[in-house]
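*Asks:* Top to bottom, those sequences are chains A and B.
When you number the first sequence by the working numbering, it's gap-free, plus one each residue, and the end is 93.
When you number the second sequence by the working numbering, it's gap-free, plus one each residue, and the end is 1149.
Because the hints were derived from the structure by calculation, they are not lab data.
Keep in mind the model is a prediction, meaning the values are calculated, not measured.
All residues carry an ideal CB built from backbone N, CA and C; glycine is no exception.
You may find that some hints are simply not true.
With a cut-off of at most 30 Å between alpha-carbon atoms, the simulated DSSO-like pairs for lysine-lysine come out as follows [as the list claims (entries may be wrong)]: (1) K1044/B - K34/A; (2) K1141/B - K32/A; (3) K1036/B - K1108/B; (4) K32/A - K1036/B; (5) K1044/B - K1008/B; (6) K4/A - K1108/B; (7) K1008/B - K1141/B; (8) K1079/B - K1036/B; (9) K1079/B - K1108/B; (10) K1142/B - K1079/B; (11) K1079/B - K32/A; (12) K1044/B - K1079/B; (13) K1142/B - K32/A; (14) K1142/B - K1036/B.
Facing chain A, from chain B, some residues (calculated, C-beta under 10 Å) [said to hold, decoys possible]: (15) D1017; (16) L1023; (17) F1031; (18) E1032; (19) P1054; (20) Q1072; (21) H1076; (22) D1086; (23) Q1088; (24) N1099; (25) M1100; (26) V1119; (27) A1121; (28) L1124; (29) D1129; (30) H1133.
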Amino acid sequence: MTKKVTSLSDFNELSQQQQYSLLHSDGVYVGKRKEGGQTVILFQLYAFYVEVRYRLYRQEIDFLTLSDQMDILEPYIDQIQVRDLNTGATGEE
Amino acid sequence: MTKALPSKSLVLYADDDNDDIELVRELFADFEAVVKLVTFPNGKALLEYITLLPPLLPQPSLVILDINMPVQDGLHTLKALRQLDDMQHVPVVLFTTSNMPHEESVAKSLGAGFITKPVYADQLHQIVDQMLHYCHDDFKKKIERHRGR
């Protein structure tokens, strides 16, 4: 049985394939931005955040950045909706 | 002897994200001989297009809706669509970035499918089949014939 992921360190122990699957099934979209010609999407996953940097949009992932710090939200603040602040949830694109 | 060309099936897609529009265009490019994909920046524009369709033309074979769009979001568009004449049974899929149980249950109650946008290539390659799952058999068969299955 697959170990239940509850923290950033649990997520780090998963294989790349398992990480992508978990992001797809349980990740909550926060926002999207462009940087250096690449598209970057931020997801909230449980109590931490995963930023996905694409080499090819929604196809080839360059790398993931993991963080449990709120400052990772900063580039996406304008996309986080007022309703989300009220409910504590992040946005759906 | 003349041979009539098969008419293209109509697929409508509303999304305010140009990257996702482009992605779905690429997915349906394989079927451009049999499918006409028309895209819209929001649900209101899609509904206006539907109401202007000539009454004798076949209904859309599939309607794809992003959820969070400006002007009119996907859930409101779905509700409005179901109230239009002859649109109660048109296949609709909500194509969203997050798997939100509440939105999924609303989609289900209105007879629509719910598909989470892919994170990477393996998931992307399954999207057309996932969408076809919600379509009528004649459209499924048309796509499968085109694929040469």
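*Asks:* Now tell me if each hint is right for this structure.
*Replies:* Here is what the structure says about each hint:
no. : hint              : result
1   : K1044/B - K34/A   : holds (27 Å)
2   : K1141/B - K32/A   : violated (36 Å)
3   : K1036/B - K1108/B : holds (26 Å)
4   : K32/A - K1036/B   : holds (29 Å)
5   : K1044/B - K1008/B : holds (24 Å)
6   : K4/A - K1108/B    : holds (28 Å)
7   : K1008/B - K1141/B : holds (13 Å)
8   : K1079/B - K1036/B : holds (24 Å)
9   : K1079/B - K1108/B : holds (12 Å)
10  : K1142/B - K1079/B : holds (28 Å)
11  : K1079/B - K32/A   : holds (27 Å)
12  : K1044/B - K1079/B : holds (12 Å)
13  : K1142/B - K32/A   : violated (36 Å)
14  : K1142/B - K1036/B : holds (13 Å)
15  : D1017             : holds (6 Å)
16  : L1023             : holds (6 Å)
17  : F1031             : violated (19 Å)
18  : E1032             : violated (20 Å)
19  : P1054             : violated (34 Å)
20  : Q1072             : violated (15 Å)
21  : H1076             : violated (14 Å)
22  : D1086             : violated (30 Å)
23  : Q1088             : violated (26 Å)
24  : N1099             : holds (6 Å)
25  : M1100             : holds (6 Å)
26  : V1119             : holds (5 Å)
27  : A1121             : holds (4 Å)
28  : L1124             : holds (6 Å)
29  : D1129             : violated (16 Å)
30  : H1133             : violated (17 Å)
This entry does not satisfy hints 2, 13, 17, 18, 19, 20, 21, 22, 23, 29 and 30, going by the numbered hints stated previously.
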